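K.L.:
Listed below are the residues making up each chain.
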Amino acid sequence: MTKLDSVRGTKGDVVLDVKGLRIRAKSKAGWAEIVKGIDLTLRRGEILGLIGESGAGKSTIGLAALGYVKPGCRITDGTILFAGEDLSELSEAELRRLRGVRIAYVAQSAAAAFNPAHRLIDQYTEVAVVHGIRDAASARAEAVELYRKLHLPNPEAFGERFPHQVSGGQLQRAMVAMALACKPDIIVFDEPTTALDVTTQIEVLAAIKDVVRDFHTAAIYITHDLAVVAQLADRIMVLRHGDLVEEGNTRQILEQPSADYTRQLLGRDPPKSDTTTASQKILTVSSVDAAYGSIKVLHHVSLSVGEGTTVAVVGESGSGKSTLARVVTGLLPCSKGALMFDGRSIDSSLRRRSLDLRRRIQLVHQMPDTSLNPRHRVREVLGRPLTFYHGLMGRLRTARIIELLEQIELDLTFLDRFPEELSGGQKQRLCIARALAAKPDLIICDEVTSALDQSVAQGVLRLLMDLQKNLRVSYLFITHDLQTVRAIADEVVVMNQGRIVEQGPKDEFFAPPHHPYTQLLLTSVPQMDPDWLDSIRETRAALARAMSLA
Amino acid sequence: MGNIPKLIAKRLGLGIFVLWVVSLIIFLGVSLLPGDVATEILGQSALPETVAAFRHELGLDLPLHIRYVHWLGGLLKGDLGHSLANGRAVSQLIGERLGNTLFLAGVAACFSVPVSLLLGLLTALYRGSVFDRFTNAVTLTWISFPEFFVAYILIMFFSVQAGWFPSLSTMREGDSFTHSLYLVTLPALTLTLVVTAHMMRMTRAAIISVLGSPFIEMAKLKGIGQRRVIVWHALPNALAPIINVVVIDLAYLIVGVVVVEVVFVYPGLGQLMIDAVQRRDITVVQACSLIFAATYVLLNMFADVLAIATNPRLMYPK
Chain Y
1 MTKLDSVRGT KGDVVLDVKG LRIRAKSKAG WAEIVKGIDL TLRRGEILGL
51 IGESGAGKST IGLAALGYVK PGCRITDGTI LFAGEDLSEL SEAELRRLRG
101 VRIAYVAQSA AAAFNPAHRL IDQYTEVAVV HGIRDAASAR AEAVELYRKL
151 HLPNPEAFGE RFPHQVSGGQ LQRAMVAMAL ACKPDIIVFD EPTTALDVTT
201 QIEVLAAIKD VVRDFHTAAI YITHDLAVVA QLADRIMVLR HGDLVEEGNT
251 RQILEQPSAD YTRQLLGRDP PKSDTTTASQ KILTVSSVDA AYGSIKVLHH
301 VSLSVGEGTT VAVVGESGSG KSTLARVVTG LLPCSKGALM FDGRSIDSSL
351 RRRSLDLRRR IQLVHQMPDT SLNPRHRVRE VLGRPLTFYH GLMGRLRTAR
401 IIELLEQIEL DLTFLDRFPE ELSGGQKQRL CIARALAAKP DLIICDEVTS
451 ALDQSVAQGV LRLLMDLQKN LRVSYLFITH DLQTVRAIAD EVVVMNQGRI
501 VEQGPKDEFF APPHHPYTQL LLTSVPQMDP DWLDSIRETR AALARAMSLA
Chain W
1 MGNIPKLIAK RLGLGIFVLW VVSLIIFLGV SLLPGDVATE ILGQSALPET
51 VAAFRHELGL DLPLHIRYVH WLGGLLKGDL GHSLANGRAV SQLIGERLGN
101 TLFLAGVAAC FSVPVSLLLG LLTALYRGSV FDRFTNAVTL TWISFPEFFV
151 AYILIMFFSV QAGWFPSLST MREGDSFTHS LYLVTLPALT LTLVVTAHMM
201 RMTRAAIISV LGSPFIEMAK LKGIGQRRVI VWHALPNALA PIINVVVIDL
251 AYLIVGVVVV EVVFVYPGLG QLMIDAVQRR DITVVQACSL IFAATYVLLN
301 MFADVLAIAT NPRLMYPK
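Listed in order, the protein sequences are those of chains Y and W. For the first sequence, my numbering begins at 1 and goes up steadily by one. For the second sequence, my numbering begins at 1 and goes up steadily by one.
Hints were generated in silico from the structure; no laboratory data involved. A hint or two may mislead.
Unchecked claim - For the chain Y half of the interface with chain W, some residues (derived, Cβ under 10 Å), not all of them:
| # | residue |
| --- | --- |
| 1 | A112 |
| 2 | F162 |
| 3 | Q165 |
| 4 | V188 |
Claimed, not checked - Heads up, simulated SDA-like pairs for lysine to any residue below, C-alpha to C-alpha not over 20 Å straight-line:
| # | chain 1 | residue 1 | chain 2 | residue 2 |
| --- | --- | --- | --- | --- |
| 5 | Y | K209 | Y | E191 |
| 6 | Y | K149 | Y | T200 |
| 7 | W | K318 | W | I4 |
| 8 | W | K318 | Y | D529 |
| 9 | Y | K70 | W | V229 |
| 10 | Y | K209 | Y | D529 |
| 11 | Y | K296 | W | P317 |
| 12 | W | K6 | Y | D529 |
| 13 | W | K318 | Y | E191 |
| 14 | W | K318 | Y | V297 |
Note that the coordinates shown come from a computational prediction; the quantities given were computed from them, not determined experimentally. Here a beta-carbon is modelled for each residue, glycine too, at the ideal position from N, C-alpha and C.
Taking the hints into account, I'd like the entire structure generated from these sequences.
P.N.:
In structure tokens:
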């Protein structure tokens with residue numbers, strides 16, 4: 001222990017020194033290398049940002065800093081020096097002594113990473129008590145202090161709640177508190193704000209920034225979003241396919257990136273320039289109310305989608321945007337209001353809609369993994385709607401399947417693959433092709449790009465735009481991402497708590513004056529400016545002061 | 001928390017309805033069997049007049065629905081009626097048998113439930129080890145044999161060869177508790193061997209499926225040892241399926257033990273019911289089936305209440 005304790009030193013000391021780290025993962029074809037000889041140095045009080053798209057190996061490297069590899073992976077080469085010991089060579093028992101105590105971890109989804117069966121406080125105190133560092137009472141007292149510091153509501157009672165009883169942003173801060181329980185030397189943050197709404201993300205980022213500074217903890221911050229990491233990190237490492245692309249301090253990476261790949265990550269989608277306004281309305285929703293049981297989730301929602309245009313529905317989780325999609329598809333019949341499709345009034349319940357009407361309205365889900373049957377080959381996925389809606393069989397059907405594959409830029413070799421043999425982007429393209437197979441007039445896209453990497457998402461968006469140009473299909477595009485809106489929308493509808501707060505053409509949406517809620521959304525999107533977080537917090541604090549004075 | 005009394009009230013209401021349907025089905029079912037208690041008792045060679053007189057005496061000459069209403073009326077007043085075969089009060093007949101059945105089931109449960117859960121935990125903890133494979137193989141072997149075979153094997157070793165336990169478990173009034181315990185050891189052991197594999201494998205599977213959750217990885221990254229990960233982190237989240245299997249097995253211990261009762265000549269409810277069916281003694285059959293049905297209703301309700309009580313999401317809504 002004496003050797004380990006010697007680490008607590010002054011700012012600037014190296015706390016973690018990784019050299020030539022190589023990690024392999026078991027795959028069908030044998031062992032594939034997913035981290036290819038990475039060097040990484042972390043100093044006390046420093047935040048190092050690891051950035052890259054999925055498959056870059058950034059989470060794997062982050063976990064390796066705790067001496068942990070996912071099941072099916074192993075460290076094949078390199079050293080992970082912490083406090084003079086190589087974590088890759090320590091036994092499980094020795095690693096347990098360090099984990100949670102000297103090196104802590106903050107997971108991407110706090111909702112999944114907290115045990116649903118136990119109270120937050122018990123999960124907080126567990127680390128310190130199990131490792132024999134504090135007794136339960138003093139750990140509880142410290143937890144309350146940390147909860148207060150992280151601006152959690154009612155800090156004395158907060159810990160008595162179960163994970164499902166608090167909001168996502170609060171839960172993520174509770175996880176930061178848990179990581180700090182033993183005052184670790186290093187905290188690994190693994191995409192801690194990715195699952196959060198933009199307005200919540202700000203709170204969590206601010207909380208992380210404050211505690212890391214106050215506790216002089218070193219941190220590794222993993223994310224795919226450069227704008228987010230720019231707010232926190234002193235230094236950034238850009239990774240791709242397990243290799244280092246470039247490394248430098250934050251301003252340098254943002255202002256003078258040397259690698260093309262970094263420039264690509266910095267780049268944003270070019271906005272769709274030619275917004276179309278259609279005379280013909282394909283879908284009109286008039287003052288619709290909808291409820292789940294006794295809980296009303298939509299209040300007087302009215303909107304229309306023009307033929308061959310894209311209407312983006314923007315809002316945070318719980319705003320009712322996915323419920324709106326369910327109402328339009330008929331999965332959830334509305335309790336009040338009316339739906340018009342192609343000039344005719346339609347039934348609000350899917351069960352009473354004709355087959356042809358069902359064909360004309362298609363839905364693409366957020367998660368291609370769960371919306372594709374894992375036991376169906378591509379041929380069946382696309383063939384079923386062709387037979388079901390159009391009665392196509394045999395050679396005609398195959399010909400049409402091939403045509404659809406061409407439309408989504410996949411070739412013949414995909415015909416007999418299972419979904420698990422496709423990448424995330426390919427799966428989502430397949431879902432789009434399945435919707436197209438019906439030859440619909442309206443496709444409802446429910447967060448179709450939010451599970452995808454930025455570059456893959458751009459490809460999918462481009463595909464959707466091309467299809468619209470060629471097939472004149474309309475989109476009701478549900479998203480929380482304002483960059484996506486900029487890239488694809490003709491009109492924008494902003495929803496908050498089941499109500500539409502603003503709607504109109506895209507250009508008006510992005511130009512002031514804004515509705516206060518729209519203003520909040522727009523200003524909450526992180527900018528590629530390291531000072532953005534501090535300045536937005538100052539502005540908001542000033543605003544709050546002004547409001548309390550008035 | 002307020003939903004538990006509501007659930008119990010609803011389940012009891014539904015349970016009474018289930019019992020009524022069961023009584024109706026059993027009544028009709030038994031009356032569909034060829035012959036009745038009069039022909040069974042008097043035999044093939046009895047004169048038709050004698051049979052008719054006997055039937056009249058027992059009230060069997062009344063139409064089916066009248067008899068059913070009579071029986072139901074008695075039941076509502078708390079009177080289970082009298083055995084058609086020997087005239088003894090059904091409540092008295094069943095009383096001592098039910099006690100015996102519950103005693104045997106209780107002993108078997110006290111032994112098999114903790115052992116199965118412990119084995120389930122241990123096999124999950126040492127998944128893939130020799131111990132895991134050995135335990136799985138042994139328990140699966142026992143569940144694969146017919147009950148009577150297991151029973152006779154135990155008799156052969158423990159009673160015939162070793163002479164430690166009696167091969168007959170005939171209980172008598174006034175037997176002390178320890179002596180009764182001694183008598184039911186072999187039947188209880190037979191039942192334990194039969195149900196353990198079921199409960200153990202469900203516990204193991206439920207825990208292993210929870211072990212893939214992100215919060216388990218998080219616990220490991222907090223430096224928590226494997227044992228605590230399984231007991232404190234995985235087990236509470238695996239309780240719902242485990243509770244359900246345990247309850248089904250408990251119900252089986254009460255309802256499904258006829259074979260074991262026959263082998264050990266144990267005076268339980270199952271044997272009573274079989275005898276009553278053979279004699280077309282409909283009042284006894286009815287009472288037994290209602291008890292069995294009530295067992296399922298109550299135990300399932302118990303399982304649902306436990307499942308709510310152990311799930312914070314249901315216990316403490318937002």
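K.L.:
Mind checking the alpha carbons of K149(Y) and T200(Y) for me, to see if they're no more than 20 Å apart?
P.N.:
Holds, because 17 Å separates the two Cα atoms, which is no more than 20 Å.
K.L.:
Given the hint that K209(Y) pairs with E191(Y), test it: the Cα-Cα distance must not exceed 20 Å.
P.N.:
The hint holds at about 14 Å.
K.L.:
Measure nothing beyond the straight line between the CA atoms of K318(W) and V297(Y); if it is 20 Å or shorter, mark the hint as holding.
P.N.:
holds, 17 Å
K.L.:
Would you mind confirming whether the straight-line C-alpha gap from K318(W) to E191(Y) stays at or under 20 Å?
P.N.:
violated, 26 Å
K.L.:
Check the hint pairing K6(W) with D529(Y) against an upper bound of 20 Å on the C-alpha distance.
P.N.:
violated, 57 Å
K.L.:
Does the interface hint hold: is F162(Y) within less than 10 Å of chain W, judged Cβ to Cβ?
P.N.:
holds, 4 Å
K.L.:
Using 10 Å as the Cβ threshold, decide whether A112(Y) counts as touching chain W.
P.N.:
Interface hint status for A112(Y): holds (4 Å vs cutoff 10 Å).
K.L.:
Would the hint linking K209(Y) and D529(Y) be met if the CA-CA limit is 20 Å?
P.N.:
holds, 15 Å
K.L.:
Mind checking the alpha carbons of K70(Y) and V229(W) for me, to see if they're no more than 20 Å apart?
P.N.:
holds, 16 Å
K.L.:
Grab the minimum C-beta distance from Q165(Y) to chain W and call the hint holds if it beats 10 Å, violated otherwise.
P.N.:
holds, 6 Å
K.L.:
When you check the alpha-carbon spacing of K318(W) and D529(Y), does it fall within 20 Å?
P.N.:
Outside the cut-off at roughly 38 Å; violated.
K.L.:
Verify the proposed pairing of K318(W) with I4(W), using a straight-line Cα cut of 20 Å.
P.N.:
holds, 17 Å
The structure is inconsistent with the numbered hints 8, 12, 13, although it conforms to all the rest.
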